[in-house]
Structure formats: structure tokens, C-alpha cells
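2 protein chains.
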Amino acid sequence: MTAVKALVFDVFGTLVDWHGSIKERAESIAARSGLTVDGGHLAVLWRNRYAPSMATVRSGERPWCNLDQLHRESLDEVLAELKLELPRPDREDLVAGWHELRPWPEVPASLRRFRAQRITSALSNGHVRLLVDLARYGKLEFDTILSAELARTYKPDAGVYQTAVRLLPALAAEVMLVACHEWDLTGAANAGLRTAHVARPGEWGPGHVAQPVSADLNAKDLADLADQFAAF
Amino acid sequence: MTAVKALVFDVFGTLVDWHGSIKERAESIAARSGLTVDGGHLAVLWRNRYAPSMATVRSGERPWCNLDQLHRESLDEVLAELKLELPRPDREDLVAGWHELRPWPEVPASLRRFRAQRITSALSNGHVRLLVDLARYGKLEFDTILSAELARTYKPDAGVYQTAVRLLPALAAEVMLVACHEWDLTGAANAGLRTAHVARPGEWGPGHVAQPVSADLNAKDLADLADQFAAF
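Those sequence lines, one after another, are chains A and B.
Each position in the first sequence, counted from 1, maps to that position plus 31 in the numbering used here.
Each position in the second sequence, counted from 1, maps to that position plus 31 in the numbering used here.
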């Protein structure tokens, strides 16, 4: 752990509760139009389209576009599937919901603990502005914000991790990605970074079971990971 | 001012006192080798080579390289001119000095005032890591750090300001550059940004006279500019 000079944090799921936040926002927006919706179901369907939508950018099939655009397109598909007629401003309000996601309870204080010792940054598939908005909303304090947008491709493309390493700059092995998703940790490890897995069993709402994940460090939440660093 | 959604801050001179900081560091490093040097003179000679060194990158004459590299090269020239034999580790220590520059006294608190109201970022010719180090050293709080490095050219190239506008993202007229240098404010205005000039008569040390500068707003320091925003 002493070799780790910078910690970069995945955001959706790892730091913020997208499922709970989008569920509430969807139900509140639908109610405004006199509709009822299972917001948790909508959030899951929407998030299911996340990886495939980014894959089209990563493969070069379509040029760079940010998550606001991808979320807007996939929301239309989800609403069509649910046969839910939402007016355009409500759809835009839902997409904006990804800029206002609640952090998991221990996250803001834990990020301050890491930052007191090491350089910290977000490293997310969210674009810079989305991450700035999330950080302001959730009081997430980083030294800077790094984003897939700077590489104009999406994680787990090695280019995203390499861009972070180039900008910090550091040796890849001096940078540790903190994330709850195996695909992200694997992408980082393939690019030579260290990895820390944070369990987020509640990420997809109730009833989902987290799988064990291989990483250099494993923590049950961010406070636990900060304790591990402090104890070293 | 209500149309301004994001404030981006020049750093060297505008937020931090490079002259005083480099002067002290040079004198202390020289003393270590039993040498005496006029640190203020060295700082001025070094800084004089700053614009010409970046011009070679901006023109495409040489590929992107960051300020650590440019500072290192120009330091060798300055020391040769001063006939000062400094060992290599001392030269590297001097170059590292640009990562540890004291902010002007009112800067940290003023940056917090701006950030409470608007998105804030650095926008400097310093590379990301240099700016992260300066921000940590001087307790400069921004929402994120934007750098010429992301555009791989230097201010006043329009590409640097346009990259900031694209990443925030905003209309150019919604972004205001805060800076003490006319060439920087002119570059920003040419790219469509709003501009605020902050006077830094002490930037080059004693005996330098600041010239009046044309900008959308003029302030005697950063606290004055924050007052102007608060009063609006």
C-alpha cells in the first residue's frame, strides 16, 4: 500500500447509490404526471442498457458521446418497453437525475480520509460535468476529476486507465482503482493498475447477490478500506 | 454576472506568488551548496523564458511537453547565464518548487466563496499533476482542475479555452476566466469567454508597475472580485 501514490475511484455504484436515487426520482416524476411506476424496476432496466450503449462507442461503431446522450436514448427504449408515456421535460428531468445521486453514507468522510494521505480522483465513465455535479451534490471531495471523456472512450478500455496514469502522472502500479465492479477492476489490472474491491451488495436494490471479486485489496465498504490503509 | 455559470482561474501570478516562492527556494537551495544567489533576479530570468518556451509547443515546432520539462530546460539556460554551478538534484529541487507556490493571502477563502455559488476550476498552463500539487499545497479548493495539458497546447491558444468550455460544458459566454495577465484575458475573450482581471502588482517582485487591462470585470484582488459577485 505504501507504493500507492494515487487513488482513483469509480463512481456509479461504488460511491453513489444510483438505484435508490433513480427509483425515487422516477416515482416522483411519474406521480407529477398522474402515473405510477415501479421506479426500482425502471432503474434496473435503464442500467441494464448502460454497458451495451457504451460498447458501441468503445468499438468505434459510433463517435464519442457522453452519458447524458446515452442515458437519454436508452430511457426512450425503456419507457417504450414499459409502455409509459412521459412528456419530454420529464424525460430530461430523469436523465438529469444521474447528476444528483446520493452517496453511500460512509463515502464523503472516507474520501476526506484518503485525500489527507494521497492524491485522489474520480475515474468514471461519467463525463467531467456529470462528475462535477455529482461531487457538488454529494459533497465528494477529490483533488481532481478524471473521466472517460478525457480519453473519449469508456472503461474497461485500457485507454481510460492509461489516460489517468498519464495525467497524474505516475507508474501504473502506483495508481489504485477503487471500484465495486469486477469488469472495471479487471480493466484496471490489465492496464497495470492496483485494484481495491469495495462490496456494494445493495447496488442493484434488494434481492441481488454480490459475487466474490478478485482484487489486490477487498473491503466491505469505503470506511473499511480507509481503515486498512490507516492500519498499514 | 448572472449568466456566468463557471469560473475558471489562471494560477501562476493570479492565485499564487511564484516570484516570492521561487526567490526563497532558490536562495535556500543555493545556500545548501554554499552559494549565494539573488533569488528574485533568478526568478525573473527564469520566468522570462516561460512564454518563449511554450511558444515552441504552441507553434507545433516541438511536440507537447509539460512545464516540468520546459522549466528544467530553461533553468539550465538561466544558471549558465548566471554562471551558477548547481548540482543536478538541486536543479530538480528548484523545478519542483513550481509545485509548491504560496497562494496570495486572500485566495483560499475567496475560492471557497466562489465555489459556494458557481462551478469553479483551475485553467492553467500547468499540467494536471502540477496543479493538483499546488492545490494541495496551498489549500486551493476547486470543483475540478482543467489544464492546457488536456488540449496539449498552451494558452493563449484558443484550443485551451475551448477545451474548458467543452468539458464544463457550457456556452463560451457562460464561462469567465479570472486572470492577472492581459495576454491570457485576450486569448479567453477571443475564444468567446467572459473575463475578469485581478490586479497583481507584486507578481514580478518589487518595482514592477502593473498596466491597466481591459476586461469585463476588474478587481483589485480575489476578495474584491468575490465581493462584486456577492453584491450583484
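Mixed in with the good hints, there may be bad ones.
When chains are identical, the list treats them as one kind, so a pair holds in a single copy or across two.
As the list claims (entries may be wrong) - Here are the computed lysine to any residue pairs in the SDA-like style, where the Cα-Cα straight-line distance is at most 20 Å:
#1 K114 with R103
#2 K170 with W214
#3 K36 with Y168
#4 K114 with A34
If you are wondering where the hints come from, they were derived from the structure by calculation, not from laboratory data.
Of all the hints numbered above, which does this structure not satisfy? Sort the numbers upward.
Numbers 2, 4 - these are the hints that the structure violates, sorted from lowest upward.
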